[in-house]
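> Sequence:
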Amino acid sequence: MMQQVCGLAATEQDRASSLEKQRRQLNILQAAIATYDVDECSRNPCPSGGVCHNTVGGYLCSCRAGRKLEGNTCNPDTGLIIGVTMGLFGVMVVAVIIVFWGQMIIQKKKFKKVKQEYFRQHGGLLLFDRMKSEKGLAFTVFSEAELIHATSNFDNSKILGKGGHGTVYKGVINNKKQVAVKRCALVDERQKKEFGQEMLILSQINHKNIVKLLGCCLEVEVPILVYEFVLNGTLFELIHGKNQALQISFSTLLRIAHEAAEGLSFLHSYASTPIIHGDVKTSNILLDENYMAKVSDFGASILAPTDKEQFVTMVQVLVSHVKGQESMELLRGLADLAKNCLDMCGDNRPSMKEVADELNRLRKLSLHPWVRLNVETDAESLLSGESTGGYEIELSGYPMGESENQPINPRSSYYAR
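Note that this note's numbering has the sequence shown beginning at 50, numbered continuously upward.
Mixed in with the good hints, there may be bad ones.
[Stated by the list, open to error] Under the rule of at most 25 Å between Cα atoms (straight-line distance), these lysine to any residue pairs were calculated in the SDA-like manner:
id: 1; residue 1: 157; residue 2: 142
id: 2; residue 1: 184; residue 2: 226
id: 3; residue 1: 117; residue 2: 92
id: 4; residue 1: 158; residue 2: 194
id: 5; residue 1: 226; residue 2: 195
id: 6; residue 1: 207; residue 2: 243
id: 7; residue 1: 162; residue 2: 197
id: 8; residue 1: 158; residue 2: 190
id: 9; residue 1: 164; residue 2: 117
id: 10; residue 1: 159; residue 2: 271
id: 11; residue 1: 226; residue 2: 193
id: 12; residue 1: 257; residue 2: 403
id: 13; residue 1: 257; residue 2: 414
id: 14; residue 1: 257; residue 2: 157
id: 15; residue 1: 207; residue 2: 184
id: 16; residue 1: 164; residue 2: 142
Treat the hints as calculated values from the structure; they're not laboratory data.
Generate the whole structure from the sequences, applying the supplied hints.
Structure, rendered in structure tokens:
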């Protein structure tokens with residue numbers, strides 16, 4: 050048994066010795082081969098643009114970055130180039146978008162701050178406090194965006210009238226209600242802080258002969274006013290319109306003058322806070338669908354200087370329609386009224402209520418059967434000195450005993466200048 054074990058151990062030792070001997074011989078052989086290896090890359094076996102890698106007994110070829118092996122040639126890798134280019138372009142686009150949106154956000158914040166500052170300057174905060182404390186007020190504070198949408202970005206085709214104190218546009222709010230939007234040209238710096246509250250006071254005026262102020266926009270440099278839309282334009286257009294064949298009857302003009310005076314009298318004496326219009330003229334007296342007078346632009350008491358010439362013009366228009374000896378009492382009445390209104394001493398001037406009452410008296414007198422108004426077509430106007438070449442019509446209004454025939458060829462709408 051012991052002999053068998055010893056024999057096996059000897060066999061294992063012989064086997065290990067044989068393997069070690071074979072390993073040494075292999076190393077010697079590899080060293081000999083390496084000593085005699087030839088650098089195949091020295092012969093530039095690779096295609097143009099390729100890179101040669103020498104190996105034991107051979108070589109390997111590869112293409113430089115940006116090229117790929119096609120047959121025996123390293124051609125530019127267009128797919129890789131396009132991919133890298135598109136990637137860089139995409140990164141640039143994303144960067145530009147981020148910068149653009151960042152600038153937009155910054156500008157929007159600045160724009161919002163500017164709007165807030167304008168709103169504060171024009172008394173918007175005080176106005177909001179007042180509106181919160183007084184519920185049910187029919188007054189709207191519009192945003193600039195709302196009025197831009199209502200007027201198609203203040204398109205020229207929407208212009209109803211222009212003047213030294215602003216431009217009026219026709220607009221539509223709530224997709225159905227027509228309004229007149231006035232962009233004022235200036236505002237009194239001394240009254241900026243109270244502007245919003247003053248507009249709120251003006252909006253509470255309800256009288257049939259006064260155009261309703263619906264709201265305003267305070268987040269712009271110069272406030273924008275929103276009035277009700279009045280259909281038949283201005284008294285100025287009625288008197289001096291393009292249709293020269295149209296001559297307005299004296300009684301109609303007296304009625305319109307009386308209605309305008311009633312509106313002004315209400316502003317002066319019956320409004321919760323007395324209001325001086327400050328810009329009374331024929332282009333600021335509007336005519337509704339029944340040709341009833343409505344005083345407009347009374348918010349101009351804050352925005353515009355007083356214009357005294359228009360009253361004289363109105364009196365001249367009235368006088369130009371009085372012809373013949375039968376109407377001398379009317380002529381004297383109008384002349385006396387004009388003289389009193391233009392008195393240099395304010396204490397001697399009549400109040401608007403007195404003016405309205407006198408115009409109403411003269412109007413009733415003009416309708417008396419024995420007062421005959423001359424309708425000669427060759428009568429000369431005291432304003433132009435030219436023949437009117439027209440005919441008289443009666444325009445409808447609230448009835449005072451005169452005819453209520455519909456006007457001939459009513460003109461398109463205009464608004465206060």
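> None of the hints should be skipped; say for each whether it holds.
Results for each hint:
no.	hint	in the structure
1	157 / 142	holds (22 Å)
2	184 / 226	holds (23 Å)
3	117 / 92	holds (21 Å)
4	158 / 194	holds (16 Å)
5	226 / 195	holds (13 Å)
6	207 / 243	violated (30 Å)
7	162 / 197	holds (19 Å)
8	158 / 190	holds (21 Å)
9	164 / 117	violated (61 Å)
10	159 / 271	holds (18 Å)
11	226 / 193	holds (17 Å)
12	257 / 403	holds (19 Å)
13	257 / 414	holds (24 Å)
14	257 / 157	violated (43 Å)
15	207 / 184	violated (34 Å)
16	164 / 142	violated (32 Å)
The structure fails to meet hints 6, 9, 14, 15 and 16 from the earlier list, while all remaining hints are met.
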